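Number of protein chains: 2
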Amino acid sequence: MRFDLQLSLEVLRRTPGTLLALLSDLDERWIRATEGPETFSAFDVVGHLIDGEETDWIPRARIILARGPNPAFEPYDRFRHRDRNAHRSLTSLLEQFGRLRAENLGLLGSWQLTDADLELLGAHPGLGRVTLRQLLAAWVVHDLGHLAQVTRVMAKQYREAIGPWAPYLPVVTDRPVPRSYR
Amino acid sequence: MRFDLQLSLEVLRRTPGTLLALLSDLDERWIRATEGPETFSAFDVVGHLIDGEETDWIPRARIILARGPNPAFEPYDRFRHRDRNAHRSLTSLLEQFGRLRAENLGLLGSWQLTDADLELLGAHPGLGRVTLRQLLAAWVVHDLGHLAQVTRVMAKQYREAIGPWAPYLPVVTDRPVPRSYR
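Read top to bottom, the protein sequences are chains U and D. Start counting the first sequence at 0; every next residue gets the next number (numbering that gives the first Met the number 0). Start counting the second sequence at 0; every next residue gets the next number (numbering that gives the first Met the number 0).
Hints in this document: simulated from the structure, not taken from any laboratory. Since we're looking at a predicted model, the values are computed, not measured. Please note: incorrect hints may appear among the correct ones.
[Claimed, not checked] Not everything, but these chain U residues come out facing chain D in the computed CB check (under 7 angstroms):
1. Gly105
2. Gly108
3. Val140
4. Gln156
5. Gly162
6. Val170
[What the hints assert, rightly or not] Beta-carbon label-pair distances, calculated as ranges:
7. D:Arg31 to U:Ala85: 27 to 37 angstroms
8. D:Glu118 to U:Arg61: 53 to 63 angstroms
9. D:Arg28 to U:Leu104: 38 to 48 angstroms
10. D:Pro166 to U:Phe78: 18 to 28 angstroms
11. U:Gly108 to D:Ala65: 24 to 34 angstroms
12. D:Asp114 to U:Gly108: 47 to 57 angstroms
13. U:Arg1 to D:Ala115: 54 to 64 angstroms
14. D:Gly127 to U:Glu37: 13 to 23 angstroms
15. D:Thr172 to U:Pro124: 46 to 56 angstroms
16. U:Pro58 to D:Glu73: 17 to 27 angstroms
17. D:Glu73 to U:Pro124: 28 to 38 angstroms
18. U:Arg87 to D:Glu118: 39 to 49 angstroms
19. D:Glu118 to U:Arg28: 18 to 28 angstroms
20. U:Pro163 to D:Leu4: 15 to 25 angstroms
Where a beta carbon is used, it is the ideal one built from N, C-alpha and C, also for glycine.
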């Protein structure tokens, strides 16, 4: 599928409501469960998505759109959320994520991006030259990947409970060693 | 995590609303996209979940609870939804799934299952002897696995659009050959 801004916005707009429907008032045992040491729980994912709204996608789009001589992105801190959210509730994080996402999509809409804008380049600290179009596509995939992660992590908690069903429900054996935090 | 009926109900209750938040009024290009031939789109998944409500989880629980001499489950038809939903809208399927799920969870609650009930056995056509507890745990994991699938399938549609980001967003390379329909 080719990148399309309206198609992308359709997904980006739905992520806060999807997380709210899935996680709101859910028992802590589901919310705090992980796939093992150094992997994200559902709670961690929502904190990480908040960090993305504040420090990743829109800030990087701004750097590209500033058209400066050196459109280098700041490195992204994947651990920022851990300390700052230690005493927060998931309800409060979900509310904050929804608010930040709505603000950021309002801003994105106000830019009225053209095809030429979408071809503008930024410099990613690990990936090198990337276009604004690729950045926005990555934002969509990042959302969907973390939704897949949250549901996979929850499913894995019942790996023993399903007994003989495991071969029929491959989600419980997905990524025996998780590949990445992101 | 050990099986817990209330924890399980928390997840089973949330699935229709989660799918509604994610998929309602979404463009057909997202809804109909698959991971390749003979794999499920988001539309297919909702149809498959309806089939599960009508022919799988609760009907099998009833067979177990009937305590007959031969608690054999009917084989499950993974293709049932294809023809019967060919001319339906996703909105109508989402509504039907929500209604069936609510009815089935009402029924499940009305049974007031004891630990002894959860140890009762059924005979699965492929897996052999399974307990009611394992059947209910599998229902939860089946929901979560299909939510992970829907978001993964959508994410993969932007595999080209994200350009150099692919190594940082492993969801687009998950399951190059999908392991199963289910």
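* Which hint numbers doesn't this structure obey? -> Hint check: 1, 2, 7, 9, 11, 14, 15, 16, 17 fail, others pass.
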